[in-house]
Amino acid sequence: MPLRPSERISLLRDIMTIRRFEESVKKQLQAGLIPGSVHLSIGHEGAIAGGCAALDDGDFVVGTHRSHGHPIAKGSDLGPLMAELMGRADGVCKGKGGSMHLTDHSVGVMGESGIVGGGLPLATGIGLSAKVLESGRICLCFFGDGASSEGSFHESLNLAAIWKLPVVYLCENNLYGATTPADSVLSVEDIAIRAGGYGIPGEIVDGQDAEAVHSVVARAVDRARRGEGPSLIEAKTYRFGEHAEGLIIPVSYRDEEEVDRWKKRDPLDILRTRLFEEGIVSEEDMTQMESELQQRIEAAVAFAKASPMPEPSAAFEDVYSNPIAGGSR
Amino acid sequence: MSEAQPSRETTYFQAIFEAHQEEMLRDERVVMIGEDISLYTKSGILDGALSDRIFSAPISENGFCGMGVGAAMTGLRPVVDLTIASFIYLAMDQIVNQAAKIRYMTGGQATIPVVFRASMWHDGSNAAHHSDRPYPLLMNSPGLKVVVPATAADVKGLIKSAIRDDDPVVIFEDNSLWFRSGPVPEGEHLTPIGVATVRRPGDDVTLVAIGSVQQDALDAAEILAKEGTSVEVIDPRTLTPLDKPTILDSVERTGRLVIVDPAHRTCGAAAEIAAIAAEEAFHALKAPIARVTTPDVPIPFSPSLEEPLYPRKDAIVEAVRKLK
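Here the protein sequences come in this chain order: X and V.
First residue of the first sequence: 23, per this note's numbering; consecutive thereafter.
First residue of the second sequence: 42, per this note's numbering; consecutive thereafter.
Just so you know, these hints were derived from the structure itself, not from any lab.
Everything numeric in this text was worked out from a predicted model, so none of it was measured.
From the three backbone atoms N, C-alpha and C, an ideal C-beta is built for every residue, glycine too.
The reader is advised that the hints may include incorrect statements.
Claimed, not checked - Per label pair, the in silico range of CB-to-CB distance:
id : chain 1 : residue 1 : chain 2 : residue 2 : range
1  : V       : G149      : X       : D205      : 40 to 50 Å
2  : X       : V207      : V       : S166      : 38 to 48 Å
3  : X       : E339      : V       : H170      : 36 to 46 Å
4  : V       : P233      : X       : A336      : 22 to 32 Å
5  : V       : Q256      : X       : N344      : 26 to 36 Å
6  : X       : V207      : V       : M133      : 16 to 26 Å
Said to hold, decoys possible - Derived coverage of chain V by chain X (criterion: at least 3 residues anywhere in the stretch with Cβ under 8 Å from a Cβ of chain X; other residues may be distant):
id : region
7  : 109-115
8  : 135-144
Starting from the given sequences, assemble the full structure and let the hints guide the process.
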């Protein structure tokens with residue numbers, strides 16, 4: 023079912039939120055407020071927001087190392103996300119996860135894996151519990167082009183297929199695994215083809231067109247909810263910035279012409295222009311959305327800055343749910 | 042375990058099945074995932090009605106161990122059977138990088154009540170790819186609990202406790218014990234995680250025996266008793282979290298410590314226990330700590346090569362005699 027006008031505006035707002043949040047993250051990193059490095063979702067917002075728009079609130083998401091956008095699209099509060107990136111006590115993971123692990127169980131975002139491909143088996147297990155518990159929930163599993171060459175990808179697709187688990191595997195193919203061109207390390211032109219090896223549907227979609235992503239994912243979600251099993255979707259996308267901000271890669275591996283060409287296919291511009299031309303949003307609406315968003319981002323940054331750094335003793339908490347005194351480790 | 046509680050002789054193998062059956066009947070969130078587990082229902086060992094919760098998996102150790110973790114995070118209590126402990130290496134990413142760390146990395150949001158079972162198939166001419174005792178690797182991974190049940194009662198009681206525990210527990214069972222019988226208490230029987238047991242009390246030497254070497258340790262203690270040396274045999278049962286008080290209290294009484302560990306020598310469980318005793322009970326020690334372990338070589342195929350490698354009664358007796 024196509025999105026209603028209000029849902030299309032909401033989708034645009036999600037894309038804008040991810041974009042403005044990430045721009046702010048870059049600024050906070052440059053200001054020295056974020057330790058380590060960050061993998062930004064800029065350029066990927068169409069695939070992320072489009073995919074999450076096809077989910078119900080109770081559905082699950084599993085992300086990747088490039089995963090700031092996934093909890094945002096699933097409805098997380100921005101403050102604890104920003105605080106986490108700054109390593110603060112009020113971070114969504116209390117400062118223990120950081121950029122690659124912005125997990126927020128309150129919105130069904132169950133985990134992001136710093137290990138490429140690490141999330142696929144987890145998503146498959148989340149599908150297993152949905153099936154056994156007959157919860158009617160599904161799991162949307164994001165992963166990258168690099169993960170599609172991991173054993174965990176192939177094992178997971180096979181496992182989900184044999185047990186008809188309600189999982190949608192959504193590949194954000196941004197054409198590079200860090201600096202390695204995906205086409206130099208893939209045996210097939212399109213990752214979606216790999217679905218054939220597991221007897222499940224495989225579909226390619228323009229990742230820069232959030233509505234196209236939504237429509238393909240929504241179909242796969244319906245199929246999963248009907249108990250017909252998993253699907254593989256490949257969203258062709260592109261990261262507009264570096265592999266990671268804060269990590270210096272001293273060689274050029276993408277030519278400028280290619281980067282410029284992709285930046286012309288900006289998922290934010292594409293949807294904004296379309297909604298504007300169709301009269302769904304006006305200039306004033308846009309200005310108001312931007313201004314509201316600016317306030318939300320500023321509030322998130324203020325929340326994060328006001329949060330204390332965790333006490334060093336907190337490093338010893340959350341190792342076990344049920345710490346047993348017999349072991350005094 | 043109370044001695045007054047009625048018990049019956051049960052094999053280690055049967056005790057494993059009973060633990061699963063009881064827990065699956067008690068709690069419908071318990072599921073089994075693993076290789077070659079359809080036999081649990083096909084042989085009638087588990088009630089056919091439970092078959093909806095038994096997932097006989099393809100040979101995808103990393104995939105199905107990770108499934109166990111994901112399912113545990115979202116409401117199930119999976120028991121994942123790796124069949125043979127050496128196969129755990131294929132699943133190390135999901136066990137060490139995910140199961141052990143997710144609760145911590147999410148700031149306590151995730152609860153992961155998953156059980157990984159791995160049976161050690163050493164001492165049977167299975168060669169190096171099927172004979173490992175890999176528990177020391179997992180003792181070095183914070184976030185996991187590691188247990189090594191050595192009797193029918195303990196394997197039943199520890200599997201049941203592990204299923205009820207809210208953390209990931211790795212159970213290292215022992216194939217060489219499968220058909221050994223022992224008393225298992227009737228009715229509900231749980232062995233607590235993190236609690237050692239004294240298999241034989243003694244005053245002169247503390248002998249910590251890990252997993253399958255219990256009988257050799259007890260036989261050695263019997264021989265040494267005839268020579269006038271009173272040996273206390275302790276089975277830690279759980280390696281993480283280790284019951285340090287039981288071991289250290291004993292060492293403080295006896296002043297002598299020998300650790301018998303079928304794992305390889307370097308960075309093994311014996312090495313960790315020796316280090317703890319040296320740090321925390323040095324004042325009580327009357328002799329250097331001794332370890333009886335499997336040497337640092339891959340496990341060979343031929344019985345004439347394999348059999349002499351493991352800690353046996355004679356080597357244990359010898360190690361204790363040397364302390365004098």
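Results of checking the hints against the structure:
1. V:G149 - X:D205: 40 to 50 Å: Holds, at about 42 Å.
2. X:V207 - V:S166: 38 to 48 Å: Since the Cβ atoms of X:V207 and V:S166 sit about 41 Å apart, the hinted range of 38 to 48 Å holds.
3. X:E339 - V:H170: 36 to 46 Å: At roughly 39 Å between Cβ atoms, V:H170 and X:E339 fall inside 36 to 46 Å, so the hint holds.
4. V:P233 - X:A336: 22 to 32 Å: holds (28 Å)
5. V:Q256 - X:N344: 26 to 36 Å: Roughly 32 Å apart at Cβ, these two residues keep to the hinted range, so it holds.
6. X:V207 - V:M133: 16 to 26 Å: holds (23 Å)
7. 109-115: That given contact holds, which follows from 7 residues of the region 109-115 of chain V lying within Cβ reach (below 8 Å) of chain X.
8. 135-144: holds (count 5)
Hint check: no violations occur; every hint is consistent with the structure.
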